[in-house]
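Q: Protein chains in written order, with our numbering: chain A, 1 to 359; chain B, 1001 to 1304; chain C, 2001 to 2273.
For the record, the hints were derived by calculation from the structure and aren't laboratory data.
One should not assume that every hint holds.
Claimed, not checked - Result set (DSS-like, lysine-lysine): computed pairs, CA atoms no more than 30 Å apart in a straight line:
no., chain 1, residue 1, chain 2, residue 2
1, A, K28, A, K226
2, A, K28, A, K177
3, C, K2257, B, K1153
4, A, K226, A, K243
5, A, K107, B, K1002
6, A, K177, A, K219
7, A, K108, B, K1111
8, A, K63, B, K1007
9, A, K63, B, K1002
10, C, K2052, B, K1153
11, A, K318, A, K277
12, A, K177, A, K248
13, A, K248, A, K226
14, A, K296, A, K219
15, A, K167, A, K107
16, C, K2257, B, K1111
17, A, K177, A, K226
18, A, K107, B, K1007
19, A, K208, A, K107
20, A, K108, B, K1290
21, A, K243, A, K28
22, A, K318, A, K328
23, B, K1111, A, K65
24, B, K1007, A, K65
25, C, K2100, B, K1290
Unchecked claim - Just a sample of chain B residues kept apart from chain A, beta carbon distances all over 10 Å, derived:
no., residue
26, S1014
27, E1021
28, V1120
29, P1125
30, F1150
31, I1161
32, R1166
33, F1212
34, E1214
Claimed, not checked - Footprint (simulated), chain C over chain B, 3 or more residues, beta carbon under 8 Å:
no., stretch
35, 1034–1043
36, 1130–1141
37, 1237–1249
38, 1255–1263
Note that beta-carbon positions come from the ideal geometry of N, C-alpha and C, so glycine has one too.
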Amino acid sequence: MIDVELQGITKRFGDYIAVNNISLGIEKGEFLSFLGPSGCGKTTTLRMIAGLEEPSEGSIFIKGKRVNNVPPFMRNIGMVFQNYALFPHKSVFENVAYGLRMRQVGKKEIRRRVGEILDLVQLSNLENRMPRQLSGGQQQRVALARALVINPDVLLLDEPLSNLDAKLREEMRVETKKIQQEVGITTIYVTHDQVEALSMSDRIVIMKEGEIIQIGSPKEIYEAPKESFVAEFIGQSNCLVGKVIAVKGEEVEIRTDTGLMISARAGEQLEEGKHVKLYVRVESIEISERHSLNSKNVFEGLIESASFQGWETVYYIKLYEGTRLVAKKNRRESRRNLFERDSRVLVFIRPEDLILMPG
Amino acid sequence: MKVLRSKFLNCILSYVRNRDELRPLLLISPSALWIILFLFIPLIIIGIYSFSSRGEGGSIVFSFSLQNYKHFWTTPIYTRTIVKSVIIGIEVTLVCLIMGYFPAYYLGRLKGVRRVLLIVLLIVPFWTSIIIRTYSWVLILGNQGPINYFLLKWGLIHEPIQFLYREFAVILGLVHIMLPFMILPIFTSIDRIDQALLDASKSLGAGNVRTFFEVTVPLSLPGISAGCLLVFIISVGAFLTPAILGGPKDMMIAMLIQQNFLMLFDWPFGSAAAIIYLVTIIFVVFIFNKVIGLNKIWMGSNGK
Amino acid sequence: MLSFPKIQKISFLLVFTIGIYFFLFTPIFVVILMSFTPHNIASFPIPGYTLKWYREFWADTALIRALMNSLLVGVCASFLSGIIGTLAAIAFVRSNFRGKQLLGAVILSPMILSGIITGIALLSFMTIMHVHKSFLMLVVGHTLLTFPYVFVVVQTQLYGFDRSIEEASMTLGANELETFFYITLPNILPSIIAGMLFALTISIDEFVATQCWVTPSTETAPIKIFSMLRFEVTPKVNVLGTVIVVVTILVPFLAEKLIAKKMDVRLYKKEGK
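Please work from the sequences and hints to get the whole structure.
A: See the structure below:
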């Protein structure tokens, strides 16, 4: 069942088009993320769903009802802001109780429900504190509790973790997802951090310059990007440019502009002579000092630099004909062996690990 | 407050919500109405009065004539009031500038607790009644006041000096009141000067004095202009200080207006004097805007 | 700061500044000092100290009434100013409309124009409309003179105001009015109160325009002082002056204590209000 639907939504600020004709449907209980660089229109879209901005064109439906002319306080949504927007003059309890007060819920009921939700976010003992006395992580949980306690139809989150430090962010990611699943609420999440989007979402909407580039599950987005932009935005990849030399069924032979011959797998039919872009993720590059069994896509190369980063090591490799690649290996894969600078190695890329894009 | 949820209010809210121009209009209407009703329209009435003439027993005869203005400009006593007002305004401004620039500078370069304390101390006299402060000068400058007392005691003079009821006392009293108005804007300007600019100037070889005149003073110009304009305009319209500390020769335009309205009941003439005062002020602001530009003030200071 | 003859230059500046502050404060002290003189005329030096004039002050009913009038008018005017000025400040900070610049200048004009102009203007208005001078008109006039101060002070705080808490309030179910009263207002209250105190002070001290609007029964303290200076120059004037100085300085301090207390009480009050 579709809980939230956007039809042909466009938002203009004067001459500037922030959101350009996007349409999509969000399922009940789904965790959907809008992911994209700054200024891509994701926050604007979220605010339109919340009712804080009015669409220039198009319709928004929440639970089947058209809400374009409905102000935010009549939409039964719960929103968590990037800076949490906790009321500075009210205690934690009063902050969380606010939405219930607005809904004329009785005192006893308020007490019970606020108590429950604070238990859920593990802040029960901080009821009477003021926001300024809380840490960032605690504030974020209060904001979440405040939005959830009113049982909204949709939960909207605008980059809620971006003000937290890296470690806390990771913890809160897990927490937030856990709570969302327990409550089972339809959630729309806006972020520019792909790790968040990939780890938390059921589906991801990639946006660029106001338009939807791709929608899919995290796995789809990661393994089968539809456009160069997505391939480049998600994960870290090397990019090679070349031309199709030969097509043999599913396998395609490509010669790069620098003369390298690579075999790749192509989902759709490609013609000879067609220009393509090849993406290979940094973790998909195999490095070895001796020949392995496969004979396809094995290239000689030189380690230009090796950067030990704890769990991972980043290698900059220069292939024999000049192509430079970045490769990442973790300790388990490399069996704690590190390749040293200036050592000669063999680089191997599996054909199915190459992502082909028309270039 | 349940009333905020009432159907009635919410109907009004949804009406206003969809009309962007209506909201500011509603918010601004009390103040706009207040000013229009109690200041603006009354000033128009004053304007009309200025072209009327005085009837029997202080009544007003509505006729169009320039008689009041002619009377004003052809009678030296009256003409002198506006001229005196402008001159005193200029004198007070200059004295305030000279006396006030240095404390403002000192305050502007000071940091920390001392600065806050001094600023608060600057505001306190500002909060004290003008009448009290002006009256205190009567006590101090009087023939039996402390100044004359000490001068006599130390044999510097043989009889008390008449300080009071002369232009000197008026200027002194006005400067005393206007100083904070000059110091605060200049202080704000100086506070905003980036220390790095002064350091750069010195590193380029300019000594303290040169840095002061070539960097500090020009950069504090917005504050100086704001302070001067403010002090000048307020001084021109001063009433209490010349009334209490000045003599008959020191009558300023505000006193002339007051006399005609409250004592002589010659409202048409008083109105003409008021209009002349208003025109003078508007003219000064206009010239100021042309030469220096009003937006400079907004750049330099935040108002008070 | 300045480097070259550091010690000397600083000394000069410091001394000069202290001199200016001395200049600003001495007259006030003289007034207070002279209120204790036993002589009928305030002369220097003071032979002794007496509270004679203070006793006479409290016995003078007309004087006390003038003081009460001043306080009453001041409180009323500052409340009205608080409302009008705050609404105007909100309009100016949050929206653009035609004639905003002009209106802004017009609103600020009572601060700069000579009080006599405002005085005669309202007086003429009352005459033409056949409205009698009254306590009400006094309040109207004082509100006109003081709301620009509230306007300026509230605007300053409003510019830095983070509106996301208002948006949060609306997503939680509060309409625009509820959001204003429950969320916006409590958070701009400090500047509103500061502005109102400012207005109170200005009003208590107002003379020039007020003289056009008062009647013998609605005389305010400054009016009384002025007439005393003309006709009855005894140190009683100094007493009135001292009382006003004390009130003007005490009121903000007391108010701060009271307000701070009140807000804390509200903050920690009950849960689940």
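Q: Any of the earlier hints contradicted here, and which numbers?
A: Result: hints 3, 7, 12, 15, 19, 20, 21, 23, 26 break, sorted rising.
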